[in-house]
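Peer 1: In case you want the letters, here they are:
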Amino acid sequence: MEEVDVEPSTTLIPGVGLRQKHVGFEWGPGDILVYETNFKLQGAGPAGPGGPSVHVVRKDEDIYSPILRKLFNESHHIFVGLQNIQEDLPSKNKKPQFVSISKNYRSVIRACMEELQQVAVSTRDASLIAQYGNQVSILLAIELIWNLCEVLFIDAAPAGILLLHLLDWVRLHKADVDEKARDVLQSDSPTHHHAYWEVVISFVLQGRMDEARQVLVKQANLQPASRPVYQLMDSLLQKMPIFNPGGTQTLTEFDVKWRHWHEECDRCLQDNSFASNRHLETICKILVGDEDTMLEHKELLGTWYHFLVSRLLFFHPTVKPSELHYYAQSSMDMFLDTRSAPEPLDSILLAAFEFDLHQVIKDCSIALNNWWFVAHLTDLLDHCKLLQSHNLHFGSNLREFLVLEYASGLFSHHSLWQLAVDYFDHCPEFGRVYLELQIERVPLETERKALKVLRICEQRQMNEQVRSICKIMAKRALSNNRLGSALSWSIRAKDAAFATLISERFLQDYCKRGSFSDLDLIDNLGPAMLLSDRLTFLGKYREFHRLYGETKFTEAAKLLLSLMTAKIAPRSFWMTLLTDALPLLEQKEVIFSVDQTHELMFCLEELTSDSSETAPERPAQDEDIETTKLELLRLALARNLAMAIVKEGTVEA
Amino acid sequence: MESINAKYVSQKISKTRWRPVQAASLHQPHCFATGSWDNETNHVCIWSVGETGMICEDDALEGDPQLLCDCKHGGDVLDLQFLDQDRLITASSTGAVTIYKLHANSQTLSVAHVWERAHHYQRASAPCTGVVCSSPDVVSVGEDGRVILYKADQRGIARVIENADSSTIHAVTFLRTTEVLTVNSIGQLKLWDFRQQGSEPAQILSLTGDRVPLHCVDRHPNQQHIVATGGQDGMLCIWDVRQGNMPFSLMEAHSAEMWEVHFHPSNPDHLFTCSEDGSLLHWETSSSSDTPSFLQSRNTSLISRSAAAPAGGNQSLISAWLNGDSSKGRLETTHMLPSQTLSVNSLDVLGQCLVCGTDGEAVYIHRRVPV
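From first to last, the protein sequence lines are chains F and Z. For the working numbering, add 783 to where a residue sits in the first sequence, where the first one is 1. For the working numbering, add 56 to where a residue sits in the second sequence, where the first one is 1.
Watch out, some of these pointers could steer you wrong.
[What the hints assert, rightly or not] Derived lysine-lysine pairs resembling BS3-like cross-links, with alpha carbons at most 30 Å apart: (1) K853(F) <-> K63(Z); (2) K878(F) <-> K63(Z); (3) K877(F) <-> K63(Z); (4) K63(Z) <-> K842(F); (5) K853(F) <-> K157(Z); (6) K842(F) <-> K128(Z); (7) K886(F) <-> K157(Z); (8) K853(F) <-> K128(Z); (9) K157(Z) <-> K207(Z); (10) K63(Z) <-> K957(F); (11) K63(Z) <-> K1232(F); (12) K157(Z) <-> K1232(F); (13) K1232(F) <-> K128(Z).
It is worth saying that the hints were derived from the structure and are not from the lab.
One chain only, chain Z, in its complex shape (with noise of 0.2 Å):
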């Protein structure tokens, strides 16, 4: 608990995201960008955190994120993603999706290119949602039910799906290249292959019984059919996208919406998920067996089909979400913030550092995350 810092930035953080480190450097991310909801004027800011080998005069504000640069931005900002190290995306609640750009060498945040009311109804415009990008892929969905596809050097739209949902589209996540999941306000995860033409969804996945809204969704980062999704209950569901109709495992995380669910990026075994009730949760899943996690294959497909041969080291390589029992006492679950908060909006975890954000107006830095 004691690496943990707190700050008070006088605006509530609807979303935060790490900037992207260079893929060959081993440092920890230093640099992370929020974004804010609510305000009569919304910005995107910038904020650096310092490199832990830094000398600082002073221990206290060592950690203590600084800002560098902000911008102006209409509308709340309900969703961020970096596209590469010098460019974000920003969804906003006036259905615009915006590209800023980062200049390093002036520390300035200015708009690149704004796609105006690319989610709208007929006569008003509609809150974009979520957008998610794959360089130079970027995907946004909003409340009209559109899923929208944009190259990031073009200025016009790619592709429209049209139609999409009738109900409002929550989250969009990337499963192939070529292939999202959406989440949508009845409960339904729907896979859409850009591939095909026409605008039916590929497959359609949802829980029986209650329709609960589902609002996030993540891939996981090695085995691109294992996705996990947080609902309106606060219930997380690991879902095995190439299996049937019903999730692999439900396990009650929160008591209120669950806002963001992450895997972390190089440490699959680990999750976290943050909610309304203002709890940050770290959920960690060890796997059975003892083969260290280097040999465990980044592509299963192939060897998860012949999943009949009962090898002892295959066990470990489909995914030990998949076993998710927690009576089983395989799975812990950790509290991550030192006390309740407002709801916690948006987290993100890269490395060893997590950062997330509240409508207490305040931004939690961890930055020894045990994974």
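Next up, chain F with everything else stripped away, as it sits in the complex (with noise of 0.2 Å):
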């Protein structure tokens, strides 16, 4: 890592390092665990307990407020609308549509601001007041500069227009004028308001010269003596040119007749014709672009940028993109005092009308503390293809890594993390990886979010983690004794070693109770049957007894012999089928034929075989059962094979 940008800023944690004791801290996705530990900070003396609380530590308390959750929730709109246009048409005509998605944004972050002025009015608690006016003033700051890049670098205008864009962008920032001027107006005698000068004079340095004339004819109007003037003044605010891109006037053009205009007013100055009247000799020295007039009126200006694009529309309005850079640096340096540091605003802005994006891309996440700015303007400044393609240290290219910080601070939220989601999808280097090791550690606390997670994972074919989220929610439901929701959703992740699971645990409540819990289940399984081995047994031996139940003894025996010779059911579940075997063949009539029976003989043989190689620590009771139950089974065998012997051997009469 090379050299830090900034020094760090200290933050003070209130309850830690009272005890003279090491910190230690661990790195969260958004946020640090900071808490005390048992070291002392200086000497070796005997390690105390330190404080027993954890401390949450977040940079970004921005996510959690509740006017700002708008602003995200919306841009979050905008940026999948324009992740999604790249493919309609050619590159060319993208243009006005990034204009326009840069447009959407900022009136956004507009709406954003008026809302918490809004509610910066109404609310009486002041530290609340306070935090209002941070978020408004750097939401402010953020319009400004986003103005700014669209102005220069999406909408990229040539000379000519550039100016016209600058001082929309001026005027859009500079609101007050208007509020001034609407006071000047609606005054009893506007012309002896205090402020009527300096509104005229705005409008001046705003390039607005129509409303300025609007409000000079107040003053024409009540000194008949001086109205030649006024007259003048008029006419040289009337004719100064405005170039205007739709028409057939070119730039050269429109050059010339500016040069002959500035001449003009150069001519009225040196004449003294407004010698009379002191403010309209500076309005005229104003036109004639002088800069110490207009650094006169510091205040009216408010701003360097404001001064800088004055200084332009008075002395080179036909300026080239490339040439602003030159008198931006000089209009700073003339506004400004010199001694004091730069703002961070400013910095940003020198770097932007140098043109060097990554410089204010750069300053602007160090200075803000969310990443959402940087984010999105960065992935506006790729699809309009501004950003060259290098690639970081850490692997993927700035916008995509700016894209992914942003959504994994998204994601430490309990609620905006479905946002995040789509931000990573359009990541297309390590939004993936980043999705997969996230999306898991969502807490689930309700069948209803584990779906919505679920469907994330399925649609975008993670296997890994539907499994991993299934398996979850299928123990938990299994924990609480609710074995159907815990088999869908072993159908869902189609997990067949749970399904077994859950399959064993129904043959282990009927062994201990003799009848089966959720028959409901059971009953409708239908082709998820087939999952597991033990799930069919499962469903065909509930089937078993409800053939039995409704006494069509024949297929309830086909069926019971299929599940031992099919291989079907467990082996340790075959003693249980053979007693269900018994009441079928001590029936008076012979359901068992003789193969059957000669079949079902074979499988208690091999049972009892088996049974008898290993060396069951039974107690004496139970093997007293079981031998009674061989002897009784071995029995009921033989007197079928007879009774089936005789019937099959019989002819009919």
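Assembling the complex is the task here: the two chains are given apart, and the hints tell you how they should meet.
Peer 2: The following block contains the structure:
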């Protein structure tokens, strides 16, 4: 790692460090866990226990603000829309679309800002007001930077139109002029209002000549004596050429016209035409582009970039984008005190004027505590093909890195994690891996949430995660004795092993209680039965019971036999099955045919020979029961065999 | 599309319901409730959309919902129903069923009564997944497989059907005043008759084939034997409860779970479904005859038994849904939301107004639904 860009700031954590212990920490996805260790800071004294609490330190508290959440949701919508337009049009025609998307983003920021301002007005809690004020100013700065980037990079206007856009930019961010103008015009005598001339000069500085003329006219009407002077000024203002991009005039023609006008203004100044009225003289000096005069009205300009644009308007309206940085640097130097260090906002704007995108992004990343702005702006610029795709040291390109950071921050939020999924989707290199790791850690309190998470995984063929989530839900259901739910989860995951486990549970229940629980489930398994052998056995066994209950003995017998011979039944269950066969063998009419009886006997022999090999340590009572059962079975089988042979040997009369 | 308003509300919406309008008035509904989920603290909120005749200084704000009042809710709101004009019931992921009272004068919402831990396992609480009411009866179902009957004005629980289902019951609806129909996560519909004692369902219906979990169910407003269900694979099924085991028609509606299905309460030829895939569909079926709808009898049970009488007018009396075969071209489907959003969790339709809530923390309101 190279040298640090800025000095790291210190965050005070209340309650930690009081006992002079070392502090330990652990990184989380969006925050740090901080705790006091047992080790003293200095000396080899006895180490006592540290404080009992673990502190969660969050860098980004914005995602927990209810109003800013709207920003995240709406911008997510725009982001997804942006990713999806790539395929439609060739890149030449996409610029208007990109500009409109950029405007969408900005309008979302503005809407949030307005809402924050409204809420700040209505609360009374001082700390909240301060917080809202903070957020509003950050949003203002963000929108300012975004707008400038839109003008310079996305819209990328050539000379002539560039200045028009810059004028719009400044006008949008210096809205107090309109307020002042309204105050002045609505007062009883506008011309005697103290802010009258300020309003006129502000309009002129912003290039709003028509409005300046409207306000001036009031003064002109009051002083008929000086009318010619006012008329001269009026004509100057009216004749100022404004480049019309839609018109037939070329840039060179406009330049020529503008120079003529400029010379005329200069002549008026040299002639001392406005000597009688110092205000009009000031205006004329501004029209000529006199920087000192403009600097005299610093408080009307407010910011160095306003100064820059006004300078360009009256000095070099056909400025080319490549020439901007020179003017920007000099404007900033002239406007600001050289003693104070430039604010982060100023250096970001300067970097933008110098067309140094990477510097802009880097400075914004440092200045803001949230990746939202840089992630979305970089993504948009990347779509406009403005970022060189040089790879960073850690594998992905800049856009992907920023989007991943932003989305990871979102994922740590209890609710906004769903938005993050779409962001990961559009990071081709690492998005999938990040998503795979994060999605498994979403806490699943209800089935509905688990279903949503599963749907996300299934849509992206993340089979591992599907299996693991289904297994978690199935285990939870099983521990709560919800066998049906557990089964439906294992069916979804196609998890044969778990289905076997569940069937074992059912069978154990049956053995204990002698009847099935949850008949509605077992009776209606359908094709899910085939998921696991044990499950199939369960279904078929239940069918056997049903057939027996409906006295369809022959079918029941056939089924029972097939369960054993087709090896569907587990060995441990054979004894139960044979015992179930007993009542069928004891029936008056012969149900099992000779062959079937032979097979039954064969199964019995297999079973007894197996169990005699293993030396069971069973209590004597069990042994007795076992031998009695066996004897009964053998007897019943022998009798059945006899009756069957007789029956099959008899010729029907 | 122009009459759709979207509002971002900073909470993921799990349920939205219109507040019922007075029976005698012909007004469109202008007030709705939302429940949130997946927040650290969840809220039940009441919003007002404003009457369409109101003079607004800014046209853009007309139709923009304003928050009237809200109340904290413990756990996710998994279901929400209005009991009457002033009371609503919620089902919570903590297993509680809560009645909220809306005080019209002070425009506040407060808890009137809670049945805590109505749904539970042996050691933990179980989420209550659905609640339905037909005043004064209230029925709730949950992940613990219980069906519980309450009376809205009594503090205790009226009746519990234990172990009604071995899997999670996702939704419930009233068929008649004493019968409810539940759907569960192994794809079965079970009919419960409260007049019978015991914990066996009166009838079980299911699809043969894959047991796809069913998530929502709604009954036809006029014909009590017709229900529509939506499943995990996005299939819309129309069932006739009297007849056998098979659904009458199956339609592929969505590409992901269907969360809610609603018949339009006064124009039942229209059906609305919303799904995890972010779309809200409006289904319109056209009946074949020219008989005006007010002649179609509400009490169809007599007539449909004698369906053998093929007098021309009778065909229309058997609901057009039971003829539903989308390939015959009698079924029209339209997307109601302008663009793809995150999952649409809930919708409600009353009169000409439709409201829906999404996981994108937005509520969409459509004031001129073509019904």
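Peer 1: It remains to establish, for every hint, whether it holds in the given structure.
Peer 2: Results of checking the hints against the structure:
Of the pairs offered as hints, the one joining K853(F) and K63(Z) holds, with about 9 Å between alpha carbons and a cut-off of 30 Å not exceeded. With a C-alpha separation of about 29 Å, the suggested pairing of K878(F) with K63(Z) holds against the 30 Å cut-off. For the given pair, K877(F) sits about 29 Å from K63(Z) by alpha-carbon distance, which is consistent with the 30 Å threshold. Between K63(Z) and K842(F) the CA atoms are separated by roughly 29 Å; this keeps the pair inside 30 Å, and the hint holds.
Between K853(F) and K157(Z), the direct Cα distance comes to roughly 29 Å. Compliance with the 30 Å bound is thereby established for this hinted pair. This hinted pair checks out: K842(F) and K128(Z) have alpha carbons roughly 27 Å apart, not beyond 30 Å. In summary, the hint linking K886(F) to K157(Z) is not supported, as the alpha carbons are separated by about 43 Å, beyond the 30 Å threshold. A threshold of 30 Å between alpha carbons decides the hint, and for K853(F) with K128(Z) the separation of about 20 Å falls inside it, so the pair holds.
Straight-line distance between C-alpha atoms of K157(Z) and K207(Z) comes to about 16 Å, which keeps the hinted pair within the 30 Å bound. Annotation: proposed proximity of K63(Z) to K957(F) holds, straight-line Cα distance about 29 Å (limit 30 Å). Taken as a hint, the K63(Z) and K1232(F) pair is honoured in the structure, with Cα atoms around 23 Å apart against an allowance of 30 Å. Straight-line distance between C-alpha atoms of K157(Z) and K1232(F) comes to about 28 Å, which keeps the hinted pair within the 30 Å bound.
Straight-line distance between C-alpha atoms of K1232(F) and K128(Z) comes to about 20 Å, which keeps the hinted pair within the 30 Å bound.
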